[in-house]
Every structure is written in C-alpha cells, then in structure tokens.
Amino acid sequence: METLRVALKNVFRTPRRSVLNILALTVGVSVLIVCLGWIGGYHTYIYETLIKMETGHVQVLRAGYYAEKRRLPVDIVVPDYATVLAAVEALPDVEAAAGRTSFSVKVSAGAKSVRLIGTAVDAEREGAVGILDDQIVRGVFVDQRPGVMLGRPLAEKLGVDAGDTLFLSALDRYQVENLIDAEVVGIFSFGYPLLDENVVYCDLATANRLLSLDDEVTRIVVRLKDGDRLTAGLAAVADEVARYGRTAGEGDGTILEARPWHDFARATVSAVKGDINGFIIMVVIIGILIILGILNSMSMTVHERTREIGTLRAIGMRRGQLLWMLAVESAWLAVIAIGISLVVTMPVALYLGRTGVDIASHMPPEIPIPFGERFHADFAPWHYFFSIGVGLLTAVVGAIVPARRAIGVEVAQAMRGKRFG
Amino acid sequence: MFFRIGLANIRRHGRRSALILLAVAVSVIVMEFMAGLVAGMRADFFTNLLNDNGHVRVRSAAVADALNPFALDLLLADPDSVIEAAEAHPDVADAESILTFGALAVAGDKNSPMIGYGVDLDTGYFTDVRDGLVAGSFLRRPGEILVSESTATLFAIGLGDPVVLLVEDSTGAPYYLEYTISGLFRSKSGQFDDTAFLVSMNDARELLYVENSVREVRVRLHDPATADTVAAHLRSALHAAGAPGRHEVETWEQINGSMVIVLEMFDVFMYIINVIIVIVAATVITNAILMNVFEKIREFGMMRAIGLTRRGQFRLIMVEGLSYGVVGSAVGIVFGIGLVLYFQSHGISVGEVTESLGMGRDITTAFVPGDAIVSALFGMLVAVAGSLYAGLVATRMDLIDTLRESA
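For the record, the sequence lines run as chains A and B. The numbering of the first sequence is the numbering used here, which starts it at 1 and goes up by one. The numbering of the second sequence is the numbering used here, which starts it at 1001 and goes up by one.
Please keep in mind that the hints were generated in silico from the structure rather than gathered at the bench. It is possible that some hints are incorrect.
[Unchecked claim] Per the computed footprint, the stretches of chain A lying under chain B, defined by three or more beta-carbons under 8 Å from a beta-carbon of chain B, are:
no., segment
1, 26-33
2, 124-138
3, 289-299
4, 336-348
[What the hints assert, rightly or not] Calculated lysine-lysine pairs in the DSS-like style (CA-CA distance at most 25 Å, straight line):
no., chain 1, residue 1, chain 2, residue 2
5, A, Lys225, B, Lys1110
6, A, Lys69, A, Lys52
7, A, Lys273, B, Lys1110
8, A, Lys52, A, Lys225
9, A, Lys273, A, Lys52
10, A, Lys52, A, Lys112
11, A, Lys69, A, Lys273
12, A, Lys69, B, Lys1188
Beta carbons are placed, not taken as given, at the ideal position from N, Cα and C, and that holds for glycine.
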C-alpha cells in the first residue's frame, strides 16, 4: 500500500514528463476502445444482418454447385429435399433450416421486362432462418398465399403492386424455356439496393412449376443455435449430409457439401478484414511509440534518482521491491490515462452504440455491404477490460528495461554519485 | 555553429536520440505510406478506370432510371453525330461507340446470363482485357468472341470452341448466333471476368438486329480536368442538332461517383490516422527533447552566464530539434519510399470489395515526390514543435536557477 502511495507521488515529481506520457497512453487506449467497439459493430450488425438477410450460418449444396453458382444452375440441386431437411433440422446445433432455389428469371409486366435473380423460399420455414418476412411493406409474405414478392424500387419501375400479375420466364432444369404467370403477393424493402432492385422472391411451389423441379432445391440455408460455434455447427451439418450421401448409395457420401456463410459473402468479409487489419496496424504502431516513450521516461527517472535508489537499497529495500515500485509508477501513468480514456470514450461509445452513424447514405450502392439505415458500433465489457489490460501492459513493458537497470545499481557507487540509466 | 552543436548533441545522447529519431521516422513512414496508398488508388482510378470508361459518356437520357438498362429501346440511334460533335472539341482525344447488351451465353449443356460488349476491332478501350490476355488474341475478325479464363473454366471450353449467344433482339423475338472463342483473358476484376464477354460491334448489331445504334459513346480527353467543359459543349451541340433531352452527357465524376466517394472517404480516413499517429509521436518526441534540455540546464546556465542570450539558448534548442527532425525524416523517408515502391510493384490484396467498384482485387501504392517532400517536412515540423515547447520552458528559467539546477 505504501509502495502504491510512494509510486503515485513519484509520478507527479516530474509533471511535464508524466503529462506527456499520460497523453500518449490516453490516445492509445481511447483509439483501442473505439476500434474494438467499431469492429464489434461489424460482427454484430453487418455480419449478423448478412446472415439473417441472405446467407444463414451454413448452407448445404450439391457438390459442384458452388463452383458454378454464378450461372445459377437449376440442374445441380439438393435432391430429396424433405429428407435432407429433416435430417439437418434434427441436429442439436441447428436452430432452423429452410430450402431455397436460386435461378435466373425474366420478369414481365405488360410491355416492361427485366432479367433478375429469382430466389424461391420455403414459405413455412423461411421466417425461422431469414428476415424477409419482416421486410414486407405492402401485401403479404408467401406463407399466406403462393406468388412473388418484389422490392419496392423494382415494383415502382415495373408499375405493379400487390395483387397484380407478373409473367416469369426461365430456362428450366431441362434447358427448356418456361413461362408462367404469378401474382404479386407482397412488396418488400430491405433498404439494401442489391436485394431491393435485383431479386424477386417467390414460394418453392411457384419456382418448381417454372423450373420443372420436384422435391428439390439448390441450397438449404441453416441457422445455428449459437452462431459463435460456427466450426462445430458446420462440422455437424457436414457429417450429417455426408451420412445422407452414403445412405443414398453415393459412394463416399460426397453428393452434398456444407459451406460456411462467409463463402457467400466474400466482398463483405474482405472489406471488414481490411478495416480490422488497418486498425491493428495503427494500434501496434501507437503501442510501440508509447512503449518507447515510457522506456525513455523511466530511463531518465532511474538516471536522475540513482542516488535515491542507492539510498533506498542501502536502508534495506530489496531488488524485487524496487522493481515493483518502478513498475507501479509506470502503471499509475496507465491508470490515470485509462481513467481519462474512459471519460472521453464513454460519450463516444454511447453515441456510436445507441444513435449510430449513417454510413449507408454516403456509401455507393454498388458496395455489397449491408450497413443498414444506421451503423451501430457494439461495445462489450471485454473491450474495456482488454483495452485497460493493454494500456497497463504497455506502460509496464516500457518500464521493464530501466527497472532492471535500476535493480543492477551498485549501492556504494550509486551513493557516491555514479549515475546509471 | 548551432547546427554543429545540434548534431554533436544527437551523438551525445545515444539512446534518447535513437528514440526521438525513431519517433520522427515512424511518423514520416506512416504519412508517406498513407500518401502513397491514396496516390496509388487515384492513379489506378485515373489511369485504369477512367481510361477504360472514358472521361465523358453520352448515352440515352432514359437509361439512368430505366427498369432494364440493357433494353434495346434505350440505344443511341445516331452515334456518328455524337462522335462528330465530340471530336470537334480540341480537348477531345478520341470518341468511340460501345454497344452493351444482356445475353444468355450457352456452351454445351451450360448457360449463364452475361453482359456483352460490342466494340470496334481496334478499340482503344478495354486495355485491362487486352493486357490480361492469357491465350489467343484480341478480336480480329467478325464471328469471334473474347471470354474470361474463369468463364471458360465454368463452361469447360477453350480457344476455338463455340459459344452461342441468345438474346431478345430489337423486334422482341429470341435470336441466337454462334461465335468462336478467339482469346481468353484475366482482368484485374474478378467480377468483370465472371460477367463479361466481348464481340465486335458489327456482330453485336447483327445479333441484336440494330442498324447503327449503340449503347453509349465514350469520349477520352487530353486532360480529365476539362471534362465539364467538353460535356457542356456536347450538350449544346446535341441540343442544337435537334435532340434536346434525348441524350445524357456525364463526366467521369458522375460516371464514377461511387469511386470518387470512396476516394474522398479514404482521404478522411488517412487524415485521421495521420493525426493520431503524429499526436502520439509528438508526445514522445517532446518528452525526450524536454529530458535533453533539462539534462543540460546547468550547461545552459553556464552559457547564459558567459553571454548567451535567452534567444540564443532558444535557437540552440530549436536547432537541435530541427537536427533531429532532419535526420529522423531522412531515415523515415527512405523506409517510407521503400515501402511505397515495394507495394507499387507487389500490390496489396484487399479482396472482392473493390471489384464492386470496377477496380481489381489488388490496390497499389504510387510514389509521388511531392508527397515524400511533404511527409519529410511534416516530420521536421513535429520535431521542431516538440523543441518549441522545451525551448519556451527552458528560456523562462532564471539564470541563477539554471546554475543551481542539477542535471
């Protein structure tokens, strides 16, 4: 206790030096807290939004589909949908699963037509894996009655609304062009241009009629009970679909495969990783500068207080106690800096977390990252604990070398006036 | 003399000097690298993207809000008059027509919706495609098609194989023609590779059953800064030709608005990082220089006693700080330029996000001598600013106090 008090007094013996070190530490800890919260927002909002909106946690595909997914093949399908679905849903890691079929479709309304990406959903189950049913702004979701759902901007351009009829034409699984009519049952709005303007949703029955599919889908989207256990969940689903493959008599069971969600969101993941890497580099550079600054300060401290250190050793202070005292002095710098950082970053964290930042309106619509109406950072307690730990560690690491030099001081020489450090 | 003393003092305080020099050098390295990154992105944008997209674009006014931007009723029926009007302006280097359309590419038992580009056989655009040819050659004659290497892999086809393009022509009827693959390319953008193919302009017109029409006219300028002037000239020329409101004339800033926004955001981001790093470096530098000064306070006292003025003392401290700045900046700029040159040739992989803006997966830095000078000067400024504070503190002390002060 006495050491703590003495160390604190020593910090204020050289106020200018201490203030500059505290300033550097404050900037470093504040930047780290804000960066961690910002990155937390990426995971909580952007990744979660993508998972709910589009990818799920895991997807089950027919082997070979992923390599050809850009041509939206409807001849590479997950067979025996009901059986595979039931098997996946029964897994303890799985919260829900639902099939989807992706296809290229031309949508016509009167004289207007446009080619879009069609996505057929399992009307009864889609609500458990996605959020499409929450985005309906007019009309109903396809679980109420079969038909198609259009994004609001697309519906406006086509000049249709809920209740109107559209014509859908596509090449079916036999490469034959089919044409069917379908009712627009709902208008949706994700606030995400890539979906709102380029995708038409329908129920599986409508798509099966158009594409000549039976009990088949192009993918099964799986939602896990715990998204943080992605690796375990993915392995469980992969094992189950492999077992299905062997049971179905397909040799080593490679008819189906399971893929993690980030295989379907590469652009978003690469953008977030780029940001994270940039943050890490910046924090490391700041950390190195702070360590060197404190190392320099503490070296000067040891140099100036050589006689004092010698006297303390002479009257009985052990090397370990001396090391501890110098380390605590440095830690006090960090403690003060951390206190200031918390005061400074708390309102920032509250603003970023509750109010958020409108990024989407400033970002180009082509960027495939669903920022939502407002991007919210997500500050967790461990961000603060981690930043406090890093701040303390940085300060103590900076003191180690000069502290070790101090404990090597020869008592007699030090009292005589020979300086060290 | 003051500089000699300053440099001698650098050598005197070995470890501390190394720390100050390192802090200055790190600031300069970060500034130079960030400047190089922004310059590289701008260079990629201006030399690659702009050169391939043109500095001014003329297309139908209805395209922007169209349901289907590839609809054939949204073509320019009179591209020759547009090209003539463009080339009449002295700032225009060249103008060329491009016919973009949607098609279903069919090969074997596979098909995929893709975007086709009908181009002149001697087109000055699509340099990324031309430079990225991995097999065969660019279009040489009618009946040929250029596809990407990834498309060829998807369809399991190669040089000389046929590809059928199925479209809905200008009469609304389905129509198809077969083309022979003349070349395979790998551009910087995976997204472009996955979705695009090239055919000759005449082939595209034949396929779509459009006589002389094109999707757009791209205009390249001698100087991109004159885009607004040229665009205004084109608007009035087209208006005078009796086609008011039918054409949309856009400058490169409007065409590539997304990329311009991203570059501006990156500028802000770079600025924030620089400020943070410089603040931390400045505290370290100021602290170290303060220690130097207080260590020599008795020495300063002696010098003041024998006639050195406060101003002279201040100048001595400032010169020492400047010396640190010069040496530290020199070290920093060497490493900073080295980093920039390395990533200029090796690139930094950023993944798929930049592809959505029409750029490649890799971004490169660019060395700009002016940026290096600014970064070096800024490093010196940081060191001098740190010395300023130390100098003010030291010169405020009384002579007696400085003589009494023990180092």
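Cross-check of the supplied hints:
Counting residues of the segment 26-33 of chain A whose beta carbon lies closer than 8 Å to any beta carbon of chain B gives 3, which reaches the threshold of three, so the coverage claim holds. Coverage of the segment 124-138 of chain A by chain B is violated in this model, with 0 residues showing a Cβ closer than 8 Å to a Cβ of that chain against a need of three. Check result for the segment 289-299 of chain A against chain B: holds, 8 residues qualifying (beta carbon to beta carbon below 8 Å, three or more required). Given a C-beta distance limit of less than 8 Å, the hint that chain B covers the segment 336-348 of chain A is violated, as 0 residues qualify and 3 are needed.
Only pairs whose Cα atoms come within 25 Å are accepted, and Lys225(A) paired with Lys1110(B) is rejected, the gap being roughly 38 Å. The hinted pair formed by Lys69(A) and Lys52(A) meets the criterion: a straight-line CA distance of about 20 Å does not exceed 25 Å. For a cut-off of 25 Å, the pair hint linking Lys273(A) to Lys1110(B) is broken: about 35 Å separates their Cα positions. Taken as a hint, the Lys52(A) and Lys225(A) pair is honoured in the structure, with Cα atoms around 13 Å apart against an allowance of 25 Å.
Between Lys273(A) and Lys52(A), the direct Cα distance comes to roughly 20 Å. Compliance with the 25 Å bound is thereby established for this hinted pair. Our distance criterion of 25 Å between C-alpha atoms is broken by Lys52(A) and Lys112(A), whose separation comes to about 32 Å. A threshold of 25 Å between alpha carbons decides the hint, and for Lys69(A) with Lys273(A) the separation of about 24 Å falls inside it, so the pair holds. Between Lys69(A) and Lys1188(B), the direct Cα distance comes to roughly 21 Å. Compliance with the 25 Å bound is thereby established for this hinted pair.
When each numbered hint is compared with the structure, violations occur for hints 2, 4, 5, 7, 10.
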